[in-house]
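So the protein sequences, as listed, match chains E and W.
Take 574 as the starting number for the first sequence in this note's numbering and just add one per residue.
Take 14 as the starting number for the second sequence in this note's numbering and just add one per residue.
I should point out that these hints are in silico values taken from the structure, not numbers from a laboratory.
What you are looking at is a predicted structure, and each value in this text was computed from that prediction instead of being measured.
Glycine included, each C-beta is placed from N, C-alpha and C at the ideal position.
Take the hints with a grain of salt, since some may be wrong.
What follows is a set of in silico ranges between Cβ atoms, one per label pair, in the way DEER data are often shown [claimed, not checked]:
{"#": "1", "chain 1": "W", "residue 1": "G57", "chain 2": "E", "residue 2": "G635", "range": "49 to 59 Å"}
{"#": "2", "chain 1": "E", "residue 1": "G706", "chain 2": "W", "residue 2": "H37", "range": "30 to 40 Å"}
{"#": "3", "chain 1": "E", "residue 1": "N597", "chain 2": "W", "residue 2": "A69", "range": "37 to 47 Å"}
The list that follows gives simulated cross-link-like pairs (lysine to aspartate or glutamate, DMTMM-like), each with its CA atoms no further than 20 Å apart [said to hold, decoys possible]:
{"#": "4", "chain 1": "W", "residue 1": "K102", "chain 2": "W", "residue 2": "E141"}
{"#": "5", "chain 1": "W", "residue 1": "K166", "chain 2": "W", "residue 2": "D127"}
{"#": "6", "chain 1": "W", "residue 1": "K116", "chain 2": "E", "residue 2": "D679"}
{"#": "7", "chain 1": "W", "residue 1": "K102", "chain 2": "E", "residue 2": "D629"}
{"#": "8", "chain 1": "W", "residue 1": "K116", "chain 2": "E", "residue 2": "D640"}
{"#": "9", "chain 1": "W", "residue 1": "K116", "chain 2": "E", "residue 2": "E637"}
{"#": "10", "chain 1": "E", "residue 1": "K575", "chain 2": "E", "residue 2": "D629"}
{"#": "11", "chain 1": "W", "residue 1": "K116", "chain 2": "E", "residue 2": "D664"}
{"#": "12", "chain 1": "W", "residue 1": "K166", "chain 2": "W", "residue 2": "E180"}
{"#": "13", "chain 1": "W", "residue 1": "K116", "chain 2": "E", "residue 2": "D627"}
Next come the chains, spelled out residue by residue.
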Amino acid sequence: MKVVIMGCGRVGARIAALLDNTGNQVSVIDIDSQAFRRLPVAFGGETVIGTGIDEDILRRAGIEDADAFVAVTNGDNRNIMAAQVARMVFDVPEVVCRIYDPVREDTYRRLGLTTVCPTTTMSAIILDLVMRGNEDEGHGRGGDG
Amino acid sequence: MYIIVAGGGKVGFYLAQNLLAEEHEVLLIERNPQRVTEINDVLGMVAIAGDAAETATLVAAGAPRADVVVAVTGEDEDNLVICQVARAKFHVARTIARVNNPKNENLFRMLGVDVTVSQTNYILNLIEQAIPQRSFVHLLNLWHEDLAIVDAKVSESSAVAHRALAEIELPENTAITAIARGPSLIVPTPATELLPGDDIIAIAHQEQEDELRRLLV
């Protein structure tokens with residue numbers, strides 16, 4: 574499958590590497606050419622310098638026949654805008670958008686975007702681990718159990 | 014009216030100042046606290062510090078009772094999200110966005126922003142109009158219907174020169190509304206003959222603009 578990834582930070586670079594390893598056609602967009610150093614040396618996909626909210630840059634990255642688009646820059650609004658361009662202008666079948674702000678994430682999920690909110694996800698996982706530790710020790714430190 | 018302006022740069026500042034002068038209730042949201050202080054020093058207490066794309070900021074700004082939200086920051090993605098959040102979460106009736114990259118103008122309207130204002134396009138347009146001897150000038154976009162008002166100068170070699178309007182087949186979705194000939198304005202009838210040097214003021218669907226240019230110029 575063909576996947577376009579916007580944002581080559583830790584998450585973007587990792588997704589790109591995993592997809593590339595499993596035989597997918599990948600292109601990665603980032604405004605900073607230095608960001609591509611996060612990709613493995615053996616990375617076989619394409620890299621495009623520019624901003625993913627620009628339709629021409631998305632075209633250069635091959636969005637027109639992409640099966641999926643992933644927006645993982647560190648700007649919520651940039652991810653939201655690019656995801657909508659991918660979906661509405663280029664009809665990409667699978668569009669995933671990272672949004673750190675839980676309220677904005679909720680808003681755009683309701684508007685039909687496929688969203689991931691690291692803030693709520695991480696909080697839930699950490700809370701779960703904290704609470705589990707508490708349960709293991711019965712009533713916690715200082716408890717009598 | 015209660016108007017929320019997002020972005021306290023030059024555009025936001027002068028917009029707020031003008032709206033206040035017209036006795037609207039205005040609140041300006043600006044990210045940089047120092048800029049907020051500067052604005053409040055000049056305009057009175059009209060600006061608050063915050064990120065206008067954050068719901069909490071819009072709540073503090075009283076977005077639920079706002080009639081209009083205008084997003085005029087320097088970043089298109091911020092302007093888009095501010096307008097969309099204002100509409101989706103607070104049901105603001107009218108959202109207006111400044112578009113920094115002219116390429117985004119159609120996109121914004123497709124994504125639900127009511128009105129887009131592209132500075133770059135306006136400036137290009139004004140300069141085009143000021144350049145003498147331009148044969149085809151795009152004067153104004155009309156909102157909603159993708160229509161434009163254009164000014165075309167008939168040349169000696171034009172296919173329509175010395176012909177009556179009744180004989181000319183105009184492209185679809187175009188209408189000649191007036192002809193300026195020297196100092197006089199002619200209201201066109203089917204019998205009106207077009208002469209070289211005439212300025213034709215026409216309304217055209219934006220898709221037919223090029224076709225009209227080829228026909229008249």
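TODO: May I ask which of the numbered hints given earlier this structure violates, with the numbers listed in increasing order?
DONE: 2, 4, 5, 6, 7, 8
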